[in-house]
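Mind docking chain B on chain A? Use the hints.
There are 2 protein chains.
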Amino acid sequence: MGSEAGSRSSLTKPFDPEEFRKHAHRMVDFIADYHRDIENFPVQSQVEPGYLQKLLPENAPDEPESLDDILADVQSKIVPGVTHWQSPNFYGYYPSNGSTAGFLGEMLSGGFNIIGFSWITSPAATELEIIVMDWLGKLLKLPNEFLSSGKGGGVIQGTASEAVLVVMLAARKRAVEKLTKEQGISEFEALAKLVAYTSDQAHSCVNKASQIAGISIENLRLIPTDVSTNYAMSSKVLANTLANDVKAGLVPFFLCGVIGSTSSAAVDPLSELGDLAQEYGMWFHVDGAYAGNACICPEFRPYLNGVEKADSFDMNPHKWLLTNFDCSTLWVKNPSLLVDALSTNPVFLRNKQSDNNLVVDYKDWQIPLGRRFRSLKLWMVLRMYGSNGLRSYITNHCNLAKHFEELLRTDSRFEVVAPRVFSLVCFRLKSPANDADNSCSLSAKLVDALNSDGNILITNTVLGGRYTIRFTVGASRTELRHVDAAWKVIQQLASKLLKECSS
Amino acid sequence: MGSEAGSRSSLTKPFDPEEFRKHAHRMVDFIADYHRDIENFPVQSQVEPGYLQKLLPENAPDEPESLDDILADVQSKIVPGVTHWQSPNFYGYYPSNGSTAGFLGEMLSGGFNIIGFSWITSPAATELEIIVMDWLGKLLKLPNEFLSSGKGGGVIQGTASEAVLVVMLAARKRAVEKLTKEQGISEFEALAKLVAYTSDQAHSCVNKASQIAGISIENLRLIPTDVSTNYAMSSKVLANTLANDVKAGLVPFFLCGVIGSTSSAAVDPLSELGDLAQEYGMWFHVDGAYAGNACICPEFRPYLNGVEKADSFDMNPHKWLLTNFDCSTLWVKNPSLLVDALSTNPVFLRNKQSDNNLVVDYKDWQIPLGRRFRSLKLWMVLRMYGSNGLRSYITNHCNLAKHFEELLRTDSRFEVVAPRVFSLVCFRLKSPANDADNSCSLSAKLVDALNSDGNILITNTVLGGRYTIRFTVGASRTELRHVDAAWKVIQQLASKLLKECSS
Numbered sequence: 001m002g003s004e005a006g007s008r009s010s011l012t013k014p015f016d017p018e019e020f021r022k023h024a025h026r027m028v029d030f031i032a033d034y035h036r037d038i039e040n041f042p043v044q045s046q047v048e049p050g051y052l053q054k055l056l057p058e059n060a061p062d063e064p065e066s067l068d069d070i071l072a073d074v075q076s077k078i079v080p081g082v083t084h085w086q087s088p089n090f091y092g093y094y095p096s097n098g099s100t101a102g103f104l105g106e107m108l109s110g111g112f113n114i115i116g117f118s119w120i121t122s123p124a125a126t127e128l129e130i131i132v133m134d135w136l137g138k139l140l141k142l143p144n145e146f147l148s149s150g151k152g153g154g155v156i157q158g159t160a161s162e163a164v165l166v167v168m169l170a171a172r173k174r175a176v177e178k179l180t181k182e183q184g185i186s187e188f189e190a191l192a193k194l195v196a197y198t199s200d201q202a203h204s205c206v207n208k209a210s211q212i213a214g215i216s217i218e219n220l221r222l223i224p225t226d227v228s229t230n231y232a233m234s235s236k237v238l239a240n241t242l243a244n245d246v247k248a249g250l251v252p253f254f255l256c257g258v259i260g261s262t263s264s265a266a267v268d269p270l271s272e273l274g275d276l277a278q279e280y281g282m283w284f285h286v287d288g289a290y291a292g293n294a295c296i297c298p299e300f301r302p303y304l305n306g307v308e309k310a311d312s313f314d315m316n317p318h319k320w321l322l323t324n325f326d327c328s329t330l331w332v333k334n335p336s337l338l339v340d341a342l343s344t345n346p347v348f349l350r351n352k353q354s355d356n357n358l359v360v361d362y363k364d365w366q367i368p369l370g371r372r373f374r375s376l377k378l379w380m381v382l383r384m385y386g387s388n389g390l391r392s393y394i395t396n397h398c399n400l401a402k403h404f405e406e407l408l409r410t411d412s413r414f415e416v417v418a419p420r421v422f423s424l425v426c427f428r429l430k431s432p433a434n435d436a437d438n439s440c441s442l443s444a445k446l447v448d449a450l451n452s453d454g455n456i457l458i459t460n461t462v463l464g465g466r467y468t469i470r471f472t473v474g475a476s477r478t479e480l481r482h483v484d485a486a487w488k489v490i491q492q493l494a495s496k497l498l499k500e501c502s503s
Numbered sequence: 001m002g003s004e005a006g007s008r009s010s011l012t013k014p015f016d017p018e019e020f021r022k023h024a025h026r027m028v029d030f031i032a033d034y035h036r037d038i039e040n041f042p043v044q045s046q047v048e049p050g051y052l053q054k055l056l057p058e059n060a061p062d063e064p065e066s067l068d069d070i071l072a073d074v075q076s077k078i079v080p081g082v083t084h085w086q087s088p089n090f091y092g093y094y095p096s097n098g099s100t101a102g103f104l105g106e107m108l109s110g111g112f113n114i115i116g117f118s119w120i121t122s123p124a125a126t127e128l129e130i131i132v133m134d135w136l137g138k139l140l141k142l143p144n145e146f147l148s149s150g151k152g153g154g155v156i157q158g159t160a161s162e163a164v165l166v167v168m169l170a171a172r173k174r175a176v177e178k179l180t181k182e183q184g185i186s187e188f189e190a191l192a193k194l195v196a197y198t199s200d201q202a203h204s205c206v207n208k209a210s211q212i213a214g215i216s217i218e219n220l221r222l223i224p225t226d227v228s229t230n231y232a233m234s235s236k237v238l239a240n241t242l243a244n245d246v247k248a249g250l251v252p253f254f255l256c257g258v259i260g261s262t263s264s265a266a267v268d269p270l271s272e273l274g275d276l277a278q279e280y281g282m283w284f285h286v287d288g289a290y291a292g293n294a295c296i297c298p299e300f301r302p303y304l305n306g307v308e309k310a311d312s313f314d315m316n317p318h319k320w321l322l323t324n325f326d327c328s329t330l331w332v333k334n335p336s337l338l339v340d341a342l343s344t345n346p347v348f349l350r351n352k353q354s355d356n357n358l359v360v361d362y363k364d365w366q367i368p369l370g371r372r373f374r375s376l377k378l379w380m381v382l383r384m385y386g387s388n389g390l391r392s393y394i395t396n397h398c399n400l401a402k403h404f405e406e407l408l409r410t411d412s413r414f415e416v417v418a419p420r421v422f423s424l425v426c427f428r429l430k431s432p433a434n435d436a437d438n439s440c441s442l443s444a445k446l447v448d449a450l451n452s453d454g455n456i457l458i459t460n461t462v463l464g465g466r467y468t469i470r471f472t473v474g475a476s477r478t479e480l481r482h483v484d485a486a487w488k489v490i491q492q493l494a495s496k497l498l499k500e501c502s503s
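These protein sequences, in sequence, are chains A and B. For the first sequence, position 332 (counting from the first letter as 1) is numbered 332 according to the working numbering, and the numbering increases by one without interruption. For the second sequence, position 87 (counting from the first letter as 1) is numbered 87 according to the working numbering, and the numbering increases by one without interruption.
So here's chain A without its partners, still in its complex pose (with noise of 0.2 angstroms):
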């Protein structure tokens, strides 16, 4: 019998080593080909709701069945309703970057299955992440104050949702803290006081945290953005609403900047709103989910500027540095702020090494108690491809969208509505002159043909109150002749949909 063939044999013990050896080899072929084959898929999935209740058994079986039995049903059950992510043809949201040394990182994290709740759980878990934390952190430049040697420190969370919400927690705790003790007023009176401002193009996830939180939706500030400050958010604006709240006897907390923002990658003027959060005693958080991976490069770190006068900052190695999903990193100023608001001992995890405030133990740094060895896999990141790599790779996204850019203004049927900064470039098909109530809503039917189509996929969101297209360069595997054929199947489904419109 071949391999192929004993792997059709089924586990007889959950863990050994010798048939894990062989199923994950077969495993490892299975993905290497998927990857290999990639390009042959539509990109989006084509399948309609509820396709795979049709194929499946309805229970669980009984006895064991092989490995090969369950990848013929991957292949022609479940890649139907995959929608490619790691396609070099992927330009919606913003990417989500695999690479083979996070992949290989994600292994190793998976074989050793430790729970690195507390240091004394698996020491290597807290120490690396430690380490990669301050080595990254060095990569962009953050000051010494958010690195482990200066009383800072960074932490792995899964998503930068998470990353908002634990910082939030903290600052709410501390400004709860600080007004019932000198107004002596309940914790619910103080809760009811505190306000968090953001801009409009913030992620909804800074929305989802003050939910949470329990800070009432009348007292988040989305402050209003426009096309005169590329989507920024005004200083200016800001101060004003900061003014007005204060008057009215209102407790500002928490603010939130971004570098990058989801909708067209705008940036906030950091520097000034650290300015303002120190006037009013804010948490001043910095969200660079998506762009403040480019500020390793040279070129993009101006753009973190102002990020010093912060309390913590944050990123996603898994959109744009190689490291697969989750990987979102955040360093704070203040460690001890979380931990104040996060932490619990029960008795069942005491140890030593705890008690005696001589480790780290992250369980307090973050929403879930259990966590994996995710720093496995950016220190493979870092190590494999090198910073001089990952700033290439940064620097070669970027230019391929500059590329696109250029494309685009060649033809005046387009036009690009934001100004492109990092990798992504918004863009929309202009409405005929015979069209001007815009009811053909071009842009939104050319998202949707080329969705349908498959060769590539992108994303909408709306800017200045009108649809608007997103193309992000951001898969790991996309290169000059993808970007030219996206370009090209883009100009045809346009010329047709124009076509249509104006018969």
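Among these hints, one or two may not hold up.
Reference listing, derived: stretches of chain A covered by chain B, where coverage requires no fewer than 3 residues with Cβ under 8 angstroms from a Cβ of chain B [what the hints assert, rightly or not]: (1) 16 to 25; (2) 118 to 126; (3) 246 to 255.
Far from chain B by the CB rule (all over 10 angstroms, computed), these chain A residues [to be verified]: (4) D275; (5) Q491; (6) K499.
Hint data in this document are derived by calculation from the structure and do not stem from the laboratory. Note that the structure is predicted; figures quoted are calculated from it, not measured. We put the beta carbon where it would ideally sit given N, CA and C, even for glycine.
This is chain B only, laid out in the frame that chain A set:
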């Protein structure tokens, strides 16, 4: 050059299929060898705090390094800092039981590397999750109201901490809306009245969820337990507490019952708790993080009776159902209450299928936005072991624990301090007659000695005010011979300690 020498070459592209194939095969062998050799390492890592900083450079490298160099570092610098949760000699906490199938599912998820926040981002991810949560729900004989066919539904969370948080947030939202409407008070006045209930044996995540949800620490009732109920919550004590709170103008809104408490695997009287929850209009959540898994076996299912009165139920297949961490399975009867509390609908995520309510978007059932394709690993575990295989797996652990308990009872120096129900045994090393004040704290010394010795790992808790040793059989590869060897080393070290103590 052989394949090993070949992997000295560094990566040239971020995700080249053939480079991936070569390097991933190398990693499979590394991990298989680790598992083959796992019993050679001390189970509990023996490093000192700060060990790793001395071994790694201060900065990320500029240029790429080879996989072989990295794996050499893993072996010499990381592995000594790993506490080997996958060792068959791991009896601490509740285990994190990995398996070949769970690992393969994680690999495949990492291979696709999709972000499944909305149905449209990979329909298979959402639909497979719905299906396997129904499969597992049926194995547990959950009432139909928890399944997708009965208007309920399941969702995979990362951890039980997240599960209890999201249901508490749903309960908070419902309770606050009711109070503001009925009593004409503000949302903060309503929040101040809310009281949550659980036992003093519940996991610390209930405490943490309350903190996050803004429930005052004075309004979290940890109902005291004692040996008279084997550390289960007394519904009588709960009923008295509820009556007093209501008399004081407070509003009970959330009750968490436990099947398999962390300290001693105590089981709360779910049915009686459910009746009280209904009487007071509370959300009733059942946390079965560890022992819930056992309820796929007919002999253990009676412990789950009463779950039909619950609003939500959660357990962790990553603890005891061979699914690699993280995988916490939460079922709710009314998912729309989760969505009410957690949904955001930013313009940049809008799509036809979501707008038309044709699909489930799991982003609104959880804290983070992004989510991995975790259903793959649960699906593969259910298929590759089959439900009969999984039942045998659980039963075998419980039999091994029973065997260990019997060994303990043969040695009068030890006492079993709580009845064993599942695979956890709680015991103490009795103090000798001349040490009535327990000055030797023999049990604590025994745990320290065992973990320093390295042959096995065990952990501790406090029960009824007394230090207690916990011995959980639950690692995937633990066999009878391991338990017998563990008992031997426990006896040996106990003899040594008793000798020292009496001398």
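The hints, checked one at a time:
no., hint, in the structure
1, 16 to 25, "holds (count 9)"
2, 118 to 126, "holds (count 7)"
3, 246 to 255, "violated (count 0)"
4, D275, "holds (28 angstroms)"
5, Q491, "holds (24 angstroms)"
6, K499, "holds (24 angstroms)"
Of the numbered hints stated above, the single one contradicted by the structure is hint 3.
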